[in-house]
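Engineer: From just these sequences and the hints, can you work out the full model?
There are 2 protein chains.
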Amino acid sequence: MIIGFIGFGKVSKNLMRLIKSDDIAFITSLEGRSPKTIENIKKEDIDVLDTFKQVVEKSDILISANSPKSALNVAKKYGKYTKGIYLDLNNISPDTTFEISKYTDNFVDGAIIGKIDSDNPILYFAGKSSDELLFLSDFIQMKKVSDKIGDASKLKMLRSTYTKTLSALLIESSEIAKNSNLEDEFFDILSLTEGSEFKDKAISRITNTINNSKRKSEELEEIINYFGDEELIMVKAALKKLNR
Amino acid sequence: MIIGFIGFGKVSKNLMRLIKSDDIAFITSLEGRSPKTIENIKKEDIDVLDTFKQVVEKSDILISANSPKSALNVAKKYGKYTKGIYLDLNNISPDTTFEISKYTDNFVDGAIIGKIDSDNPILYFAGKSSDELLFLSDFIQMKKVSDKIGDASKLKMLRSTYTKTLSALLIESSEIAKNSNLEDEFFDILSLTEGSEFKDKAISRITNTINNSKRKSEELEEIINYFGDEELIMVKAALKKLNR
Numbered sequence: 001m002i003i004g005f006i007g008f009g010k011v012s013k014n015l016m017r018l019i020k021s022d023d024i025a026f027i028t029s030l031e032g033r034s035p036k037t038i039e040n041i042k043k044e045d046i047d048v049l050d051t052f053k054q055v056v057e058k059s060d061i062l063i064s065a066n067s068p069k070s071a072l073n074v075a076k077k078y079g080k081y082t083k084g085i086y087l088d089l090n091n092i093s094p095d096t097t098f099e100i101s102k103y104t105d106n107f108v109d110g111a112i113i114g115k116i117d118s119d120n121p122i123l124y125f126a127g128k129s130s131d132e133l134l135f136l137s138d139f140i141q142m143k144k145v146s147d148k149i150g151d152a153s154k155l156k157m158l159r160s161t162y163t164k165t166l167s168a169l170l171i172e173s174s175e176i177a178k179n180s181n182l183e184d185e186f187f188d189i190l191s192l193t194e195g196s197e198f199k200d201k202a203i204s205r206i207t208n209t210i211n212n213s214k215r216k217s218e219e220l221e222e223i224i225n226y227f228g229d230e231e232l233i234m235v236k237a238a239l240k241k242l243n244r
Numbered sequence: 001m002i003i004g005f006i007g008f009g010k011v012s013k014n015l016m017r018l019i020k021s022d023d024i025a026f027i028t029s030l031e032g033r034s035p036k037t038i039e040n041i042k043k044e045d046i047d048v049l050d051t052f053k054q055v056v057e058k059s060d061i062l063i064s065a066n067s068p069k070s071a072l073n074v075a076k077k078y079g080k081y082t083k084g085i086y087l088d089l090n091n092i093s094p095d096t097t098f099e100i101s102k103y104t105d106n107f108v109d110g111a112i113i114g115k116i117d118s119d120n121p122i123l124y125f126a127g128k129s130s131d132e133l134l135f136l137s138d139f140i141q142m143k144k145v146s147d148k149i150g151d152a153s154k155l156k157m158l159r160s161t162y163t164k165t166l167s168a169l170l171i172e173s174s175e176i177a178k179n180s181n182l183e184d185e186f187f188d189i190l191s192l193t194e195g196s197e198f199k200d201k202a203i204s205r206i207t208n209t210i211n212n213s214k215r216k217s218e219e220l221e222e223i224i225n226y227f228g229d230e231e232l233i234m235v236k237a238a239l240k241k242l243n244r
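Protein chains in written order, with this note's numbering: chain A, 1 to 244; chain B, 1 to 244.
Just so you know, not all the hints are guaranteed correct.
Because identical chains cannot be distinguished in the list, a pair is counted as satisfied if it fits within a single copy or across any two copies.
[Stated by the list, open to error] Simulated crosslink set (PhoX-like; lysine-lysine; CA at most 20 Å straight-line):
{"hint": "1", "residue 1": "Lys201", "residue 2": "Lys102"}
{"hint": "2", "residue 1": "Lys143", "residue 2": "Lys128"}
{"hint": "3", "residue 1": "Lys80", "residue 2": "Lys102"}
{"hint": "4", "residue 1": "Lys10", "residue 2": "Lys240"}
{"hint": "5", "residue 1": "Lys148", "residue 2": "Lys13"}
{"hint": "6", "residue 1": "Lys201", "residue 2": "Lys20"}
{"hint": "7", "residue 1": "Lys236", "residue 2": "Lys214"}
{"hint": "8", "residue 1": "Lys143", "residue 2": "Lys240"}
{"hint": "9", "residue 1": "Lys80", "residue 2": "Lys36"}
{"hint": "10", "residue 1": "Lys178", "residue 2": "Lys144"}
{"hint": "11", "residue 1": "Lys199", "residue 2": "Lys58"}
{"hint": "12", "residue 1": "Lys115", "residue 2": "Lys20"}
Just so you know, these hints were derived from the structure itself, not from any lab.
The structure presented is a predicted model; accordingly, all values stated were derived computationally and were not measured.
Structural biologist: Right under this line is the structure:
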């Protein structure tokens, strides 16, 4: 079994770490890569081919994990050479996922939930071909959402709708509590019903959202664009909150 | 030790159940009560005096637990006869709490968190006199917030700010998930990070909010009035959402 990577960043590197088996070989290419990526690849136990075309042709599973912006171009350029599965793990919208699926056979819509560099990320798959990836459950938690391409990306976006809006709510309510000189008490009282980890989780969400507010705003905008026909009162308020 | 009640509904009845001791006697009056309340009182192990004035004068701890609307009037009428502690447990705003405190000495601002008819409600107290209630921790979970009258009511309101806005968020995001035919998957995927009880809790919050949307809206309006100087983007969105 050969798994090929287009893109060799955090996702690919950690998948290699998680999927360790004598029966699996990993391949990629240095074609057009930055010096830093080349350096990273050379540290890993991975075979390097001359071109990405060769990587795609040789892979039983080709994993596209580069960047949301380049995901579609990668599929346009290399999708047609796929012999096995083409698994997209970029953080892209259901629409882009669907668009990509046109350029390759045996396409699998994949979404990573949780931190890929942790010990327990979960892969969500959608599309008929995802059945052929079920063996990965020996190495990593995974779940097939449905046969419908786009459902994994959509589910990730739905999750994001909740978590990002929740962060905006946490920012607002803790601000009011702070202005009332009852911030600690606010977290403590909520921990009683929301679980003992509430405070730490809430503070980590608030900090993470404030430190990355530009990116979080963009992601909320993407959600609003995608679910445009829905009533999005809370999500739009969250975007407004983050833009302050 | 004598504990007297003005108001004999769910709160008073359950406090009697929780605070059981040979050293404590309970008193109340049937004065002006409804046939139903009279019937309820007669079922309990409680001494009945002719008037509330007598109840207040005899109580070491007088508990006002009637209704948010009558809380202030009760204090105006009976507060001046208090010899011991006057504990208000009505669900009232910090402003009303402060207003009530003018009509009686040894006032304690009390707030009930959790369901009073469960085994683990928690009482929050504020005000200097709350130290004299600390012995209640033998019977019921309790916490003193501060010496500042209004802080217990304020803390309850801050909690409410979060939980009611969260319910609006749960309603909105689960609606979108449902329209995407991914409602179960939406709850499942969030349970991974929000805890195994997430789904049950979320559904109970959604149902409870929808079934009581008028009252919940009024409570959100009260929050918006009270914290009017704060930036309340998320809370206002929650009110808008509930009004649909």
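Engineer: Give a verdict on every hint.
Structural biologist: Now for the hints, and whether the structure bears them out:
no., hint, in the structure
1, Lys201 / Lys102, "neither (40 Å within a copy, 40 Å between copies)"
2, Lys143 / Lys128, "within (13 Å within a copy, 56 Å between copies)"
3, Lys80 / Lys102, "within (10 Å within a copy, 80 Å between copies)"
4, Lys10 / Lys240, "neither (31 Å within a copy, 41 Å between copies)"
5, Lys148 / Lys13, "neither (28 Å within a copy, 55 Å between copies)"
6, Lys201 / Lys20, "neither (31 Å within a copy, 38 Å between copies)"
7, Lys236 / Lys214, "within (15 Å within a copy, 23 Å between copies)"
8, Lys143 / Lys240, "neither (34 Å within a copy, 36 Å between copies)"
9, Lys80 / Lys36, "neither (29 Å within a copy, 78 Å between copies)"
10, Lys178 / Lys144, "between (43 Å within a copy, 18 Å between copies)"
11, Lys199 / Lys58, "neither (49 Å within a copy, 43 Å between copies)"
12, Lys115 / Lys20, "within (18 Å within a copy, 51 Å between copies)"
Of the numbered hints given earlier, the model fails hints 1, 4, 5, 6, 8, 9, 11; all others are met.
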